[in-house]
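Residues per chain are reported as follows:
There are 2 protein chains.
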Amino acid sequence: MAIDSSTSEPKRLLFNAFSMNCVSHIQHGLWGRDDTRQTEYLSLEPWLDLARILEAGCFDALFLADVVGVYDNYRGGADTSIREAMQIPVNDPSLLIPAMATVTEHLGFAFTSSILAEHPFAFARRVSTLDHLTRGRIAWNIVTSYLPSAAQNLGFTDLPLHDDRYDRGDDYLEVVRKLWESSWEDDAVVKRPGCYAEPSKVHKIDHVGPYYTVPGPHLCEPSPQRTPVLFQAGSSDRGREFAARHAECVFLAANRRSLPDIVADTRRRAASYGRNPDDLKFFLGISPIVGGTEAEAKSKEADLREQLSIEGGLAHMSGSVGADLGILDLDRPLADFDFNSMTGIIKALADTAPDKQWTMGDLARRQMSGQFMTGTPEQLADRLEDLANRGADGFNLVYTTTPGTFVDFIDGVAPVLRARGLMQSTYREGTLRDKLFGHRRPRHRLAGAGTAAD
Amino acid sequence: MAIDSSTSEPKRLLFNAFSMNCVSHIQHGLWGRDDTRQTEYLSLEPWLDLARILEAGCFDALFLADVVGVYDNYRGGADTSIREAMQIPVNDPSLLIPAMATVTEHLGFAFTSSILAEHPFAFARRVSTLDHLTRGRIAWNIVTSYLPSAAQNLGFTDLPLHDDRYDRGDDYLEVVRKLWESSWEDDAVVKRPGCYAEPSKVHKIDHVGPYYTVPGPHLCEPSPQRTPVLFQAGSSDRGREFAARHAECVFLAANRRSLPDIVADTRRRAASYGRNPDDLKFFLGISPIVGGTEAEAKSKEADLREQLSIEGGLAHMSGSVGADLGILDLDRPLADFDFNSMTGIIKALADTAPDKQWTMGDLARRQMSGQFMTGTPEQLADRLEDLANRGADGFNLVYTTTPGTFVDFIDGVAPVLRARGLMQSTYREGTLRDKLFGHRRPRHRLAGAGTAAD
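One line per chain: the protein sequences are R and A, in this order. Read in numbering that gives the first Met the number 0, the first sequence has 396 at position 397, and its numbers run on one by one without any break. Read in numbering that gives the first Met the number 0, the second sequence has 171 at position 172, and its numbers run on one by one without any break.
Any given hint could turn out to be false.
Stated by the list, open to error - Below, simulated BS3-like cross-link-like pairs (lysine-lysine); rule was C-alpha separation at most 30 Å, straight line:
| hint | chain 1 | residue 1 | chain 2 | residue 2 |
| --- | --- | --- | --- | --- |
| 1 | A | LYS355 | A | LYS297 |
| 2 | A | LYS190 | A | LYS10 |
| 3 | R | LYS355 | R | LYS10 |
| 4 | R | LYS297 | R | LYS10 |
| 5 | R | LYS297 | A | LYS297 |
| 6 | A | LYS297 | R | LYS190 |
| 7 | R | LYS280 | R | LYS200 |
| 8 | A | LYS190 | R | LYS299 |
| 9 | A | LYS203 | A | LYS190 |
| 10 | A | LYS299 | R | LYS190 |
Calculated from the structure, these hints are not laboratory results.
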């Protein structure tokens with residue numbers, strides 16, 4: 000049984016539904032099925048229904064991915080992505096949240112926003128507004144963008160170098176943290192006759208950084224969480240450093256074997272920034288396929304697997320690794336190629352079976368189906384528990400069909416997890432941060448940055 | 000009776016509720032009253048209620064103002080603004096719309112966004128997302144920002160010069176119009192097995208302008224309106240030119256006397272861009288105070304007027320004109336000052352009674368109360384009809400209390416207007432543009448700009 004070492008109680012695992020405001024998110028080729036609502040993404044209804052389902056199932060949050068660009072390097076262009084609806088068209092995720100907030104009370108909403116997509120002064124206001132409207136249920140997944148098309152369209156002549164993006168990210172984080180945490184004191188808003196807020200308690204931030212100059216003050220009064228819960232997804236060395244410095248929740252590309260080391264390494268780095276290493280929660284992506292029997296689950300998987308679009312997977316992967324995989328012979332072993340520049344995904348995939356003679360075609364399939372977790376509810380609960388024992392605190396559930404994947408999990412696996420004390424059956428009170436980390440957690444502070452409100 | 004010259008029928012007037020995602024919008028000093036919900040702006044509830052009220056009252060739209068900066072030049076700082084909650088704190092308006100869309104079917108949503116606040120590539124996606132989620136009910140109020148604090152916080156070292164902002168606006172409009180209108184052809188999305196969209200029908204825009212370089216393609220598939228209904232509020236010479244070129248609806252700072260000339264001049268300019276001059280609709284701001292008798296209405300007005308905050312009004316006006324009015328003797332006649340740099344508001348206000356010896360104190364009161372329209376429902380209907388005969392097509396209703404101002408108008412004045420054929424009692428079908436301009440209006444085209452989808 001997974002045990003929380005600090006309390007010697009079963010470790011309560013965290014569950015997010017992973018989705019995106021688009022047709023095809025991760026498992027490409029499946030949008031045309033009768034049992035998925037992916038093509039309804041333009042309407043409010045499937046999102047309102049999904050939010051209701053997740054809250055009834057006591058999920059912690061809906062995690063919305065995003066890109067502000069096109070995967071346009073496979074076979075030299077965007078044709079495959081457009082044909083497969085592979086993350087294009089893609090609508091703004093943050094605008095779904097206020098609508099879903101009208102039909103829920105506890106469900107958290109994590110959304111992705113790249114530091115390249117919006118100026119930190121305007122972005123800080125967007126987040127504070129969402130945190131107010133949801134009464135403190137917002138998380139921000141910080142990304143630095145990897146698609147050159149994003150940077151080109153947003154006024155950067157080309158994608159800033161990888162490490163430079165993280166430096167920019169550090170500066171961006173400093174701006175938004177100052178706006179959220181130190182501009183308005185806790186007791187600035189008094190609502191006395193003739194005085195809504197005390198001017199002496201609203202401060203400029205006067206930020207002058209290498210990338211951003213922002214005098215402030217913040218435009219919004221303090222929201223329930225002030226700073227949203229901070230997610231970060233990055234596995235590179237610089238990405239881990241960034242996560243260790245800023246993130247509260249880390250979305251990992253890891254497998255059973257690599258997980259413990261990555262977790263330990265990131266916690267170590269967090270400690271070096273003066274943070275409590277236990278303040279980080281690690282999430283793994285999984286795509287559960289549940290059956291009443293193992294055979295039934297396997298038959299479901301086979302049915303899905305047959306429809307997966309290898310073309311969609313290769314276009315996705317080409318964008319992610321920054322190289323056109325369409326020019327390669329898909330059947331040649333990976334060992335024949337030089338993948339120095341393609342860290343991350345390819346390495347992580349190949350690493351799942353280091354003795355195998357991987358080909359690029361294998362990898363494309365693997366990228367989509369590698370997160371499949373197939374079996375009976377008991378088998379899935381066993382595997383989740385094993386991953387928890389190896390360092391996972393929670394899971395982002397990648398759908399094959401939506402909301403089917405989530406419904407199957409809630410109906411089948413959640414009761415087994417609850418019987419083992421591993422999944423909540425009611426929500427804790429408080430903000431999303433309180434719910435994730437324990438009741439009435441004091442508000443998160445930027446490592447090393449005091450605030451005027453201290 | 001106001002007659003539509005093209006149909007010889009009574010002219011159907013348009014009505015928007017004018018509000019802002021903040022505590023105190025125009026009539027400052029009133030937020031503490033028991034009969035207004037201004038201090039609830041952080042919650043969804045008052046917005047959902049307002050949307051329901053407006054749709055039941057057959058209003059055309061809710062018009063949400065915005066600033067992305069602080070009025071910080073009165074008496075040398077932002078203290079008065081903060082104390083009076085004078086447009087600070089101010090939350091993001093666009094995030095209210097998806098929530099309000101869940102409880103309405105026809106009501107339009109106009110929101111303000113400055114061309115300085117968001118990159119056009121990201122902004123175009125935000126608007127398309129909103130237009131999808133509302134099924135075509137979005138309008139954009141284009142502003143170029145007048146608060147130096149907005150520009151400074153958004154990475155412009157100081158506010159670009161007035162005319163330069165409009166040049167940037169022209170370029171910004173070109174980018175977003177190309178993304179909305181010419182990137183995805185009408186029949187690009189086919190949803191055939193294995194082909195969600197036809198790559199050959201999704202085009203890059205390859206925009207290279209003086210301010211923005213945006214290759215595209217647009218990230219979103221075509222929304223019901225593609226381009227949102229375009230509002231513009233600007234009375235300067237360059238502002239009128241901008242409106243004549245781009246806007247479909249113009250929000251005027253005008254009075255009864257100046258109205259006909261401004262309307263005629265702007266229509267003339269529109270014609271010079273090859274547009275049909277009747278394609279523009281002109282809106283005036285009014286703040287109705289309705290009573291069962293004239294005496295009752297006047298007593299309501301007196302009660303409100305007494306609570307108006309002159310300090311709030313002066314802080315607002317100082318920001319709007321770009322000069323600290325706090326250093327002036329409020330009782331000295333305006334004639335003693337040099338207001339060459341303060342066109343617009345001051346001129347428009349003083350112009351309402353050119354023979355009067357105006358003081359700055361008068362003006363501050365006037366800025367807030369100048370839009371008061373006080374009387375019985377019949378009296379108000381007469382005055383609205385008179386303004387319609389002088390060129391107004393519609394009205395933005397400025398609240399003194401919210402939702403009280405709107406409720407009073409809907410309960411009292413709307414029935415009288417309907418009896419005269421001047422206000423709709425049911426909604427037309429179609430998008431907001433269809434509803435405002437007549438059924439099934441072909442989609443709006445940028446003057447002089449053909450599209451690949453033509």
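Verification of the hints:
1. A/LYS355 to A/LYS297: At roughly 22 Å apart (the allowed maximum being 30 Å), A/LYS297 and A/LYS355 satisfy the hint.
2. A/LYS190 to A/LYS10: 43 Å, violated
3. R/LYS355 to R/LYS10: 34 Å, violated
4. R/LYS297 to R/LYS10: Answer holds: R/LYS297 to R/LYS10 is near 29 Å, not above 30 Å.
5. R/LYS297 to A/LYS297: Between R/LYS297 and A/LYS297 the Cα gap is close to 77 Å, so the pair fails against 30 Å, i.e. violated.
6. A/LYS297 to R/LYS190: Status holds; Cα separation ~29 Å.
7. R/LYS280 to R/LYS200: 34 Å, violated
8. A/LYS190 to R/LYS299: 24 Å, holds
9. A/LYS203 to A/LYS190: At roughly 21 Å apart (the allowed maximum being 30 Å), A/LYS190 and A/LYS203 satisfy the hint.
10. A/LYS299 to R/LYS190: Since the Cα atoms of A/LYS299 and R/LYS190 sit roughly 24 Å apart, the hinted pair holds (cutoff 30 Å).
Consistency note: the structure conflicts with the earlier hints numbered 2, 3, 5, 7.
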